[in-house]
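Student: These are the residues of each chain, in order.
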Amino acid sequence: MSGLDTFLFIVFPYMCLVSLVVGHIWRYRYDQFGWTSRSSQWYESRLLRWASPMFHFGLLFVLMGHFVGLVIPESWTTMVPESLYHLMSAGVGGIAGIVMVIGLIGLIYRRRTTPAVFRATTKSDKLMYVVLGTVIALGLTTTFYWQIIGGGYDYRQTVAVWFRSIFYFNPQAADMASAPVLFQMHAVCAFALFAIWPYTRLVHVFSAPVGYLWRPYIVYRSRDVGGEPGNRGPRPGWDRQGGMSGNRSENNYR
Amino acid sequence: MRVMAQMGMVMNLDKCIGCSTCSVTCKQAWTNRPGVEYVWFNNVETRPGQGYPRGYEDQEKWKGGWKLDRKGRLRLKAGGRIRKLATIFSNPNLPNVDDYYEPWTYDYDSLLNAPAGDDFPVARPKSLITDKDMKVEWSANWDDDLGGATEHGYKDPIVAKLGDKVKFEFEQAFMFYLPRICEHCINPSCVASCPSGAMYKREEDGIVLVDQDKCRGWRMCVSGCPYKKVYFNHTTGKAEKCTMCYPRLEVGQPTVCSETCVGRLRYLGLVLYDADRVAEAATEPDETKLMAAQKSILLDPRDPEVLAEARRSGIPEDWLEAAQNSPVYDLACRYDVALPLHPEYRTLPMVWYIPPLSPVVDALTETGHDGEDIGNLFGAIDAMRIPIEYLAELFTAGDIDPVNDVLRKLAAMRSHMRTVNLGEAVDPSIAEAVGMTIAEMESMYRLLAIAKYEDRYVIPSAHTEVANALLEELPGCSVDFTSTNGDSSVGEAKPVPVTIESFQLTKQRLEAEHYSDLDHKQ
Numbered sequence: 001m002s003g004l005d006t007f008l009f010i011v012f013p014y015m016c017l018v019s020l021v022v023g024h025i026w027r028y029r030y031d032q033f034g035w036t037s038r039s040s041q042w043y044e045s046r047l048l049r050w051a052s053p054m055f056h057f058g059l060l061f062v063l064m065g066h067f068v069g070l071v072i073p074e075s076w077t078t079m080v081p082e083s084l085y086h087l088m089s090a091g092v093g094g095i096a097g098i099v100m101v102i103g104l105i106g107l108i109y110r111r112r113t114t115p116a117v118f119r120a121t122t123k124s125d126k127l128m129y130v131v132l133g134t135v136i137a138l139g140l141t142t143t144f145y146w147q148i149i150g151g152g153y154d155y156r157q158t159v160a161v162w163f164r165s166i167f168y169f170n171p172q173a174a175d176m177a178s179a180p181v182l183f184q185m186h187a188v189c190a191f192a193l194f195a196i197w198p199y200t201r202l203v204h205v206f207s208a209p210v211g212y213l214w215r216p217y218i219v220y221r222s223r224d225v226g227g228e229p230g231n232r233g234p235r236p237g238w239d240r241q242g243g244m245s246g247n248r249s250e251n252n253y254r
Numbered sequence: 001m002r003v004m005a006q007m008g009m010v011m012n013l014d015k016c017i018g019c020s021t022c023s024v025t026c027k028q029a030w031t032n033r034p035g036v037e038y039v040w041f042n043n044v045e046t047r048p049g050q051g052y053p054r055g056y057e058d059q060e061k062w063k064g065g066w067k068l069d070r071k072g073r074l075r076l077k078a079g080g081r082i083r084k085l086a087t088i089f090s091n092p093n094l095p096n097v098d099d100y101y102e103p104w105t106y107d108y109d110s111l112l113n114a115p116a117g118d119d120f121p122v123a124r125p126k127s128l129i130t131d132k133d134m135k136v137e138w139s140a141n142w143d144d145d146l147g148g149a150t151e152h153g154y155k156d157p158i159v160a161k162l163g164d165k166v167k168f169e170f171e172q173a174f175m176f177y178l179p180r181i182c183e184h185c186i187n188p189s190c191v192a193s194c195p196s197g198a199m200y201k202r203e204e205d206g207i208v209l210v211d212q213d214k215c216r217g218w219r220m221c222v223s224g225c226p227y228k229k230v231y232f233n234h235t236t237g238k239a240e241k242c243t244m245c246y247p248r249l250e251v252g253q254p255t256v257c258s259e260t261c262v263g264r265l266r267y268l269g270l271v272l273y274d275a276d277r278v279a280e281a282a283t284e285p286d287e288t289k290l291m292a293a294q295k296s297i298l299l300d301p302r303d304p305e306v307l308a309e310a311r312r313s314g315i316p317e318d319w320l321e322a323a324q325n326s327p328v329y330d331l332a333c334r335y336d337v338a339l340p341l342h343p344e345y346r347t348l349p350m351v352w353y354i355p356p357l358s359p360v361v362d363a364l365t366e367t368g369h370d371g372e373d374i375g376n377l378f379g380a381i382d383a384m385r386i387p388i389e390y391l392a393e394l395f396t397a398g399d400i401d402p403v404n405d406v407l408r409k410l411a412a413m414r415s416h417m418r419t420v421n422l423g424e425a426v427d428p429s430i431a432e433a434v435g436m437t438i439a440e441m442e443s444m445y446r447l448l449a450i451a452k453y454e455d456r457y458v459i460p461s462a463h464t465e466v467a468n469a470l471l472e473e474l475p476g477c478s479v480d481f482t483s484t485n486g487d488s489s490v491g492e493a494k495p496v497p498v499t500i501e502s503f504q505l506t507k508q509r510l511e512a513e514h515y516s517d518l519d520h521k522q
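Which chain is which? The protein sequence lines are L and R, in order.
The numbering used here numbers the first residue of the first sequence as 1 and each following residue consecutively.
The numbering used here numbers the first residue of the second sequence as 1 and each following residue consecutively.
None of these hints come from the bench; they were simulated from the model.
It is possible that some hints are incorrect.
Unchecked claim - Over 12 Å on every C-beta distance to chain L, these chain R residues come out as not near it, computed from the model:
no.: 1; residue: Cys19
no.: 2; residue: Val24
no.: 3; residue: Gln59
no.: 4; residue: Gly72
no.: 5; residue: Leu112
no.: 6; residue: Leu146
no.: 7; residue: Val262
no.: 8; residue: Asp286
no.: 9; residue: Glu309
no.: 10; residue: Glu344
no.: 11; residue: Thr367
no.: 12; residue: Leu422
no.: 13; residue: Ala425
Said to hold, decoys possible - Straight line, CA to CA, 27 Å or less: simulated DSSO-like cross-link-like pairs of lysine-lysine:
no.: 14; chain 1: R; residue 1: Lys63; chain 2: R; residue 2: Lys155
no.: 15; chain 1: R; residue 1: Lys77; chain 2: R; residue 2: Lys214
no.: 16; chain 1: R; residue 1: Lys71; chain 2: R; residue 2: Lys61
no.: 17; chain 1: L; residue 1: Lys126; chain 2: R; residue 2: Lys61
no.: 18; chain 1: R; residue 1: Lys77; chain 2: R; residue 2: Lys67
no.: 19; chain 1: R; residue 1: Lys289; chain 2: R; residue 2: Lys77
no.: 20; chain 1: R; residue 1: Lys165; chain 2: L; residue 2: Lys126
no.: 21; chain 1: R; residue 1: Lys452; chain 2: R; residue 2: Lys15
no.: 22; chain 1: R; residue 1: Lys295; chain 2: R; residue 2: Lys63
no.: 23; chain 1: L; residue 1: Lys123; chain 2: R; residue 2: Lys132
no.: 24; chain 1: L; residue 1: Lys123; chain 2: R; residue 2: Lys214
no.: 25; chain 1: R; residue 1: Lys155; chain 2: R; residue 2: Lys77
no.: 26; chain 1: R; residue 1: Lys63; chain 2: R; residue 2: Lys214
no.: 27; chain 1: R; residue 1: Lys289; chain 2: R; residue 2: Lys165
no.: 28; chain 1: L; residue 1: Lys123; chain 2: R; residue 2: Lys126
no.: 29; chain 1: R; residue 1: Lys295; chain 2: R; residue 2: Lys452
no.: 30; chain 1: L; residue 1: Lys126; chain 2: R; residue 2: Lys132
no.: 31; chain 1: R; residue 1: Lys77; chain 2: R; residue 2: Lys295
As the list claims (entries may be wrong) - Non-contacting residues of chain R with respect to chain L, defined by C-beta distances greater than 10 Å in every case (computed):
no.: 32; residue: Met1
no.: 33; residue: Trp104
no.: 34; residue: Asn404
no.: 35; residue: Arg408
Even for Gly, the Cβ is constructed at its ideal location relative to N, Cα and C.
Just chain L, same shape as in the assembly (with noise of 0.2 Å):
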């Protein structure tokens, strides 16, 4: 195992997810205003109409798919004949994976022809198309060079198992090491992704309003304990030094 193999699968990977964890929390706690999907569909809808479902829902069988390959340990799904286990990995996931890439092809047309979406995308956008755009490339061609056109690459041998043993502080950068290049290749842009992805619109992921589904349908509130009437309370963000003027309520409204 090189250095580059250690740098690669045991210092790169807790940086990004240093990243992850800090980043998120420190933009949990000062930009609660910037937190949001920032959707586009008022500018647009004809074609975000199925460029984003497709996309969304594509991705979330591609999600789960790698929950079941790299969170569950083999013992476990080796429960399920090995060809059945075959043909749902390759197969569902090679679906899920073209239906996600469908979409994404859409929603990356529509941002760069309809003039609207295109000057409202930020350099963060941009830069958050091309890593998600790679890692998403990269891992279906995985899927589809190993997967369906090879006999099938037993990821749940090297790629889960190390990928488990970061979470245990127990790095295992020598299984990561022998696996093909393409998965390596698949892992560490996806790290790559969670170290931008707090300071990225990528942030709505983790706000995803499932207690909705509990919550009763009328929410109320006391008033703001701000103080004085007409006045809005104090507003997380940096502890400020001194005088009066600097006023966050008004950024809010810029």
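Take the given structure of chain L and dock chain R to it, following the hints.
Tutor: Just chain R, lined up with the frame of chain L:
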């Protein structure tokens, strides 16, 4: 009985001249920012007309508000929680830029900087959404004063419902203005539609607000509101709506739209309602009885039993006093002349309208008859079905009787006051014909026609024992809090006014080193 207080508004449509001062001052105060160029918390629509956004009243298309399911239970028209989450990636009922309009500015620079030439330079319209040249084709009140009605008038959902009966030929046309703000409903479907729980109704005064920190931009509130009064800020990706100028109300001032209304047609006041009976009122099976059901949950603020319950709910004394003097309760319940807008949406809206008598009076006067004679007026109200059916579709889910009753009261008031003003013998039968006494009629006249400032706006200030340090002395015009020294990182994380403040107070605040240095006695 569980008593809650609600701030409400009444608009007297007979007095609205459609000047849009309310819209402009509201926009200057609240939505003069990028991302909300197209947003009008207050807009004035000409009716018949499509309204803003176009055709928003067609709930078969937009699926706003509530409906009853087969078992008579209240359901969101666009579907419940699971359906909301399933369509979260693409909201099928969301109006987009074409349903509002593409906001624009003009390339004024070219007027000054164009090189000398044979032609006059022009300022071309530039889209504020794409920065490109654009063709201006629609805006918030493009069909103002029935403009283009012969072509577009039939796209008004109510006109479509009434069929061929509404005519747009000049001789047969009628029109009136309908100013609209958020209804601050008792049963708000926008709040119910919000997946994040970011929208809420304030317990103290019932104002419906969006928590800008909790909103995640799922945009279900925009489609959930049948009045389309929640807007999507396309720059911040968050929902925004009319706040009923709560920073002003909290210090006892009327909303910007009310304060600046040149016709003085707006009334602000509290109503008390029974929160335990909200569901009962909203599930009334007969749509035409919804208006009455809505009024039935409003409580008489003079009833000792109601007062005792209200005190038990913690409503302070000065609020109860304000509820007793409330013009909104008087107009909606005592005189029974104010009607809710589209009660059939089942949201129990709390902005009320006194329907206009003017289409009837205008038509009557044009025929050469005396427009103030009670016999003529009653006859005209009975004869002029079309404007009244139209009003009924707006205010009573199509039931013309309550609209008739209101118009007859207004007509009777008009005739009665003429006899008073001309010094003629007062005829008590005029008031009796509409079930009122002369004293009631004259006090209604004072509220509607004299409409003193302190009678129109009965606003108790919010309760806090802190001194009102930042209360302005004068209504200023600046809402700009930008630091003049360019240093934005200084300042304690202390409350900062979001209301208007005077020049002196702004200056004092900007120059103060510490919050405690401010003169709190002001």
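Student: Compare the structure with each hint and give your call.
Tutor: Hints, verified against the model:
| no. | hint | verdict |
| --- | --- | --- |
| 1 | Cys19 | 27 Å, holds |
| 2 | Val24 | 19 Å, holds |
| 3 | Gln59 | 18 Å, holds |
| 4 | Gly72 | 17 Å, holds |
| 5 | Leu112 | 26 Å, holds |
| 6 | Leu146 | 29 Å, holds |
| 7 | Val262 | 25 Å, holds |
| 8 | Asp286 | 23 Å, holds |
| 9 | Glu309 | 18 Å, holds |
| 10 | Glu344 | 19 Å, holds |
| 11 | Thr367 | 48 Å, holds |
| 12 | Leu422 | 47 Å, holds |
| 13 | Ala425 | 51 Å, holds |
| 14 | R:Lys63 <-> R:Lys155 | 17 Å, holds |
| 15 | R:Lys77 <-> R:Lys214 | 24 Å, holds |
| 16 | R:Lys71 <-> R:Lys61 | 23 Å, holds |
| 17 | L:Lys126 <-> R:Lys61 | 35 Å, violated |
| 18 | R:Lys77 <-> R:Lys67 | 5 Å, holds |
| 19 | R:Lys289 <-> R:Lys77 | 19 Å, holds |
| 20 | R:Lys165 <-> L:Lys126 | 55 Å, violated |
| 21 | R:Lys452 <-> R:Lys15 | 14 Å, holds |
| 22 | R:Lys295 <-> R:Lys63 | 25 Å, holds |
| 23 | L:Lys123 <-> R:Lys132 | 21 Å, holds |
| 24 | L:Lys123 <-> R:Lys214 | 24 Å, holds |
| 25 | R:Lys155 <-> R:Lys77 | 22 Å, holds |
| 26 | R:Lys63 <-> R:Lys214 | 25 Å, holds |
| 27 | R:Lys289 <-> R:Lys165 | 25 Å, holds |
| 28 | L:Lys123 <-> R:Lys126 | 24 Å, holds |
| 29 | R:Lys295 <-> R:Lys452 | 25 Å, holds |
| 30 | L:Lys126 <-> R:Lys132 | 22 Å, holds |
| 31 | R:Lys77 <-> R:Lys295 | 23 Å, holds |
| 32 | Met1 | 17 Å, holds |
| 33 | Trp104 | 13 Å, holds |
| 34 | Asn404 | 34 Å, holds |
| 35 | Arg408 | 37 Å, holds |
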